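Peer 1: Fit chain B to the supplied structure of chain A, relying on the hints for placement.
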Amino acid sequence: MSKEKANNQTRFLVFITIGLVLVAVAFFLTMCFGATRISAGEVFDAFFRFDSSNFTHVTVRDIRLPRFLADLIVGASLSVAGAIMQGTTKNPMADSGIMGISSGATLGVVIVLAFFPGAGRFLKMGISAAGAGFVTLLIYLIAYAGKGRITPERMVLSGMAISTLLSSITTAIILKNGLMTQMVRYTSGSSANTIWKDLAIAVPFFAAGIVTSIVIARSLTVMNLGEDVSKGLGANTTLIKTLSTIIVLILSAVAVIIIGPVGYIGLMIPYISRYMVGTDYRLVLPTCAVYGALFVSIVDLAAKNVKPGMEYPIGLLITMIGVPFFVYVSRRQEGDQFYG
Amino acid sequence: MMMEKRNMRKGKTLLALVLAVAMLFGMAGCGGEGSGQTDGQNGAEQEGIRTGTGLYAVPVIKDSRPEEPKEVTFTTLNGDEVTYNQNTRRIVCVFGSQDVVAFGIPLLAYEGSTEPVGYESFYGDAEALMNTSPFSPEEILSYEPELILVNERMSASQIERLSKIAPVIPLYTDSTDFAQRLSYIGEIFGMQEEAQELITYEETLRENMVKELKDLGLSDRTLTIFTYLGNISIPPMRGWFMNTILYEYVGMKRTDKVKEFMEDESGVAYEAISSEKLKEYEGDLVLFAGDGVKTISTYVTENVGWKSLDAVKEDRVGVIDMSVYAQKGVILLYEQYAQLLEALKAAGKIAS
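Sequence order for the protein chains is A and B. First residue of the first sequence? That's 1 in the numbering used here, and the numbers climb one at a time after it. First residue of the second sequence? That's 1001 in the numbering used here, and the numbers climb one at a time after it.
Worth flagging that the hints you see were computed from the coordinates, not collected in a lab. If you're wondering where the values come from, they're calculated on a predicted model, not measured in any experiment. Each hint should be verified, as a subset may be incorrect.
[Stated by the list, open to error] Computed from the model, here is a short list of chain A residues facing chain B with C-beta under 10 Å: (1) F47; (2) F55; (3) V58; (4) A119; (5) Q182; (6) K307; (7) E311.
[Said to hold, decoys possible] Between beta-carbon pairs, the in silico distance windows are: (8) B:A1128 <-> A:S167: 27 to 35 Å; (9) A:P308 <-> B:R1089: 29 to 37 Å; (10) B:E1263 <-> A:F325: 36 to 44 Å.
Even glycine gets a Cβ: it sits at the ideal position worked out from N, Cα and C.
Next comes chain A alone, as it looks inside the complex (with noise of 0.2 Å):
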């Protein structure tokens, strides 16, 4: 074992470790803060001696938790899918929002919103995944559509086209059908309606994306080193890359929908997971699960006790801490070292 790779293991313990605590603080806070104070005790009693006739109670287990573990599972999917496409596409400039893959999603949304205005939560979600899929297939068949094979540049710029196309099909929609409201809404990201049974929708993708994830994550780490490389040893890339683009349409799907096209997760915490424990994908991935799910829990924790009793949308929030971080690493030549 190299003393680099033994040096980044060391360090995924370390990182894996505060992150997994500091999630539990997390999880503390957001129990206690809120709308209304909540003391421990309520909340210890909310969870083992629960009473349904008491309102604190209720608020702890039905609207406090099931939000928690929402912005657990978004900010660990989009996170995860980032890394996913950045490896993949070999830019570390790709998320699923700058890809195009969540406007795919946002169009299927408003199409619910537009077309089927007493559709219940599974249809959304149905509609909107299938946007989500629909993007994917239009960014590899154009990127397919020229000569030689697919480059990271072609799937780039053919999500950023399909993206600005699709967003010009949504306004349309949402302007001749008075959504402008309710857009504005969706598309700032609140995680705030979330109950059991959208996390009972979602889960079951989420555990299989991230397994799927982690299961792959030897390959996209030989895939880091070049196609050509790849195959030499022997890896199945056109596998690879299938799988990894599912998995990239699932995890981000699972996100957009219960949380809406929030961008910039994808693209900041796989950044600072490399940064954390380097470029192999068995310690980036469950870095990207931990501190994605970190990061959002804190955001919509600050989102809800900016101004307690209404919900600031979270993610106008996430906007204006990616945009700084999104202009950064455009500057930052050495971004490029990660892909080699």
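Peer 2: Chain B alone, transformed into the frame defined by chain A:
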């Protein structure tokens, strides 16, 4: 050759993609008009036959103006002097047609932002303008109007642009004082008597609603209207006519917290109320205002904060379609009042 075939295949793929996108555009184009009126009035109601609720529909007024042109000079609400043919039938109404057509005045075209579903008989052969905000001078010109009616907020520069086509008169479209709105239109067309008839109708409707609520024992109760536009919120005081009817015309009460929320214009409209705090906004009576529908979204019915409301637990939430209140106009009043009365009865658990 192989290369050409491959390129053709790619070309077909791209063509298919373009067609798919075009279909999506088509769907956008064919979308329903989300904010149209609903459940309009039937013919009998339009003739003013009293209904069991004590509310009755707008009286049908015929255009009594002579056909001969009559040039008059009128001082508009902006203080401008406008000279026009008072008996003209060539009128384009860019905003506020719901009052004008009540006089039986025929229009060439009216604002196309709302479909007059249920009120077609008032509009006759009038066409909906394709462009209202912003309006298109070319489209308006195509109707060769002799008079253009616009909203009171239209800027002087815009009025000047339209004046090159025909005389322009702004209407009291923001005002919630129907006596002012209707008597002004009566003056424009020399139909003061008809205006008075409509004003009396509006006053009677209002008085009957007040009496009805008093008889039902609902008038001194506090009322909260919730809505869902991505989050549960309360429609702001301004912009939704049901608020004017309930809290100003009929004099229903609301809690201080609700009043503060509704009238706070410093924040974001439809600010999302935390599920944890929703109960603090509950009044004695609760209405839910659907956006274009008269149902409560499942996102609301499944919300834990919503389920904590007493009105929800006791199954006494009245439901209205908020889009019915997006416009003000005397022809709309019957439907607007009747829907509120029905919803208030449900909120008070009073059988219809």
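Peer 1: With reference to the structure, classify each hint as holding or not holding.
Peer 2: Here is what the structure says about each hint:
no., hint, in the structure
1, F47, "violated, 16 Å"
2, F55, "holds, 6 Å"
3, V58, "holds, 6 Å"
4, A119, "holds, 9 Å"
5, Q182, "holds, 5 Å"
6, K307, "holds, 8 Å"
7, E311, "holds, 4 Å"
8, B:A1128 <-> A:S167: 27 to 35 Å, "holds, 28 Å"
9, A:P308 <-> B:R1089: 29 to 37 Å, "violated, 59 Å"
10, B:E1263 <-> A:F325: 36 to 44 Å, "holds, 39 Å"
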